[in-house]
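Trainee: First to last, the sequence lines map onto chains A and B. Residue 1 is where the first sequence starts when you use our numbering, and the numbers rise one by one after that. Residue 1 is where the second sequence starts when you use our numbering, and the numbers rise one by one after that.
Worth double-checking, as some hints may not be accurate.
[Said to hold, decoys possible] Cut-off 30 Å, straight-line C-alpha distance, at most; resulting in silico cross-link-like pairs (DSS-like, lysine-lysine):
hint, chain 1, residue 1, chain 2, residue 2
1, A, K125, B, K55
2, A, K125, A, K144
3, A, K160, A, K125
4, A, K144, A, K118
5, A, K22, B, K140
6, B, K220, B, K140
7, A, K156, A, K125
8, A, K125, B, K233
9, B, K220, B, K233
10, A, K144, B, K140
11, B, K235, B, K220
12, A, K144, A, K156
Treat the hints as calculated values from the structure; they're not laboratory data. In this text, all values refer to a predicted model and were calculated from it rather than measured experimentally.
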Amino acid sequence: MLAAGVDVGSTTTKAALIDENKRVVALALVDTGANVVRAAERALHTALTQAKVEEWDVAYTVGTGYGRYRVPFGDLQVTEISCHAKGANFIFPATRTILDMGGQDTKAIRVGPDAEVKDFCMNDKCAAGTGRFLEAAAEVLGLKLEELGEVSARAKKSLKITNVCTVFVEQEIVMHLARGCPVEEILAGLHWTIAGRSIGLLRRVGLESEITFTGGVARNSGVVRALSERLGARLNVAPESQHIGAIGAALFAWERAAHGAVSQRNNQSRALGPVPGGN
Amino acid sequence: MRAVVGIDLGSRMTRGVLLDEHGRVQAQAARETGSRLEQAAQAVLEELCRCVGAKPEDVVYLASTGYGRYRVPFRQIQITEMTCHAMGALWLFPRTRTVLDIGAMNSRAIRIAENGRVVAFRMNDRCASGAGRFLERVAKALEVSLPEVGELSLRSQNPQPISSICAVLAESEVINHVTAGASVEDILRGAHNSIAERLVALVRQVSPQPEITLTGGVTKNSGMVQALEERLKTKLNVSPQSEWAGALGAALLARTRCQRLQSTAPEARNRTLASSVADPLSA
């Protein structure tokens with residue numbers, strides 16, 4: 001038996017497949033583009049191909065969307081907040097606070113020992129501190145998004161960045177470059193600023209350790225470094241940080257299937273029977 | 001010739017206005033600011049002098065304004081954008097009581113008295129949501145040039161709402177609209193409406209009095225003017241000179257100050273100029 005979770009993000013769509021033992025068997029990532037449902041289908045099929053299984057092998061699928069966009073996909077919709085909580089708890093069971101920095105929004109979530117969501121707040125009004133912010137900065141600095149962490153690690157000091165708005169920061173970077181400031185110092189300054197904003201969001205839900213950092217921005221080691229420095233604490237960052245929401249969705253799907261829920265996706269008319277390890 | 005100059009060092013354009021001893025506009029010059037502010041200001045000053053066949057030393061007084069006003073090393077004085085736009089708008093439209101300046105990065109609403117004194121102002125300087133850069137990014141995403149966005153938006157039949165306030169997030173929304181098959185005109189109208197909403201909110205905060213004058217680069221955009229007029233339910237003062245209001249105001253204020261200095265005793269003059277960079281009048 002397999003359970004699937006699909007997380008349609010603003011920039012990328014992620015799919016996760018887990019087997020009856022809750023082992024992750026496939027993780028896929030595709031660009032979202034404009035058609036969210038098609039992106040969800042594509043991500044799921046990429047995961048299915050990776051695991052060399054067919055669609056009817058999936059007992060149940062949970063979909064999750066982003067912000068105010070609902071994604072009509074899968075057998076059940078679960079909010080991305082719950083999915084992130086579930087996924088983070090699964091990988092780092094001691095997680096009490098989650099910071100999720102995605103392509104277009106940032107979320108802070110406080111969770112209990114059983115992954116129940118206690119509080120959350122999010123910034124989806126402004127691109128500051130999101131993946132889009134870093135993308136814009138990378139472009140002005142002439143760097144690739146993947147290089148940012150590594151380049152900023154070379155900085156001896158970090159430059160003070162005074163603006164928050166992505167558009168203003170672009171201009172500020174151009175000024176700094178014109179004055180001959182080293183790229184890595186500008187970048188370190190940007191990471192420092194972004195970290196400050198995210199910490200503000202975290203404090204609003206109440207900071208409790210352990211803190212798990214998820215989302216695409218968590219792959220940037222420069223932001224991870226700035227955050228842990230400013231918080232004075234270590235952060236949990238999983239290699240599959242971008243897939244936490246999808247894994248959480250897959251775990252919800254697994255629970256449903258274990259309780260005998262039947263997927264409507266493949267017109268299956270029979271229950272899938274007891275799941276080993278399920279209750 | 002004894003001339004005074006006002007230079008408006010904006011985030012996108014640097015503009016200069018040169019007035020002769022009678023206060024008449026003799027030259028106007030503009031160029032893109034780029035990243036080297038000092039050079040942009042210097043180039044504009046040289047261009048102004050070239051236009052009237054004057055030497056830089058003929059310029060007896062220079063006032064700088066705009067976000068880069070501290071980066072004009074050869075200024076005699078720097079004056080805030082608020083004061084300059086108020087003065088420039090009043091010179092263009094003498095019955096102006098409210099000024100809405102829409103720049104590339106900042107927007108500001110200013111209520112003024114009959115003599116041009118600033119009574120109240122509000123500005124958005126934290127974020128590009130109600131500024132020209134928002135339109136610039138939308139134009140880029142739609143692959144149309146900035147000068148045509150206004151006209152195009154006026155041809156819209158079915159405006160597409162843009163819900164994002166953030167200029168960067170709006171860009172993604174625009175791309176989604178394009179993929180969904182919306183027309184360029186409809187998306188542009190939506191973007192204009194969205195910015196107009198925020199500008200109107202800004203203007204309302206200063207309790208606007210008629211007449212309202214628009215200044216700044218966005219005034220060339222007919223779509224923006226119409227979107228604002230619809231929401232404010234009044235005609236707005238706009239002229240081809242509106243984008244020069246900041247530089248013009250700076251030049252007018254430079255002239256006033258220069259006249260006042262000439263009428264004071266030399267000792268007093270030195271005191272007044274204590275904070276200035278140099279005093280060409282005492283030379």
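Trainee: Which hints, by number, does the structure contradict?
Mentor: Failing hints, ascending: 1, 4, 5 and 7.
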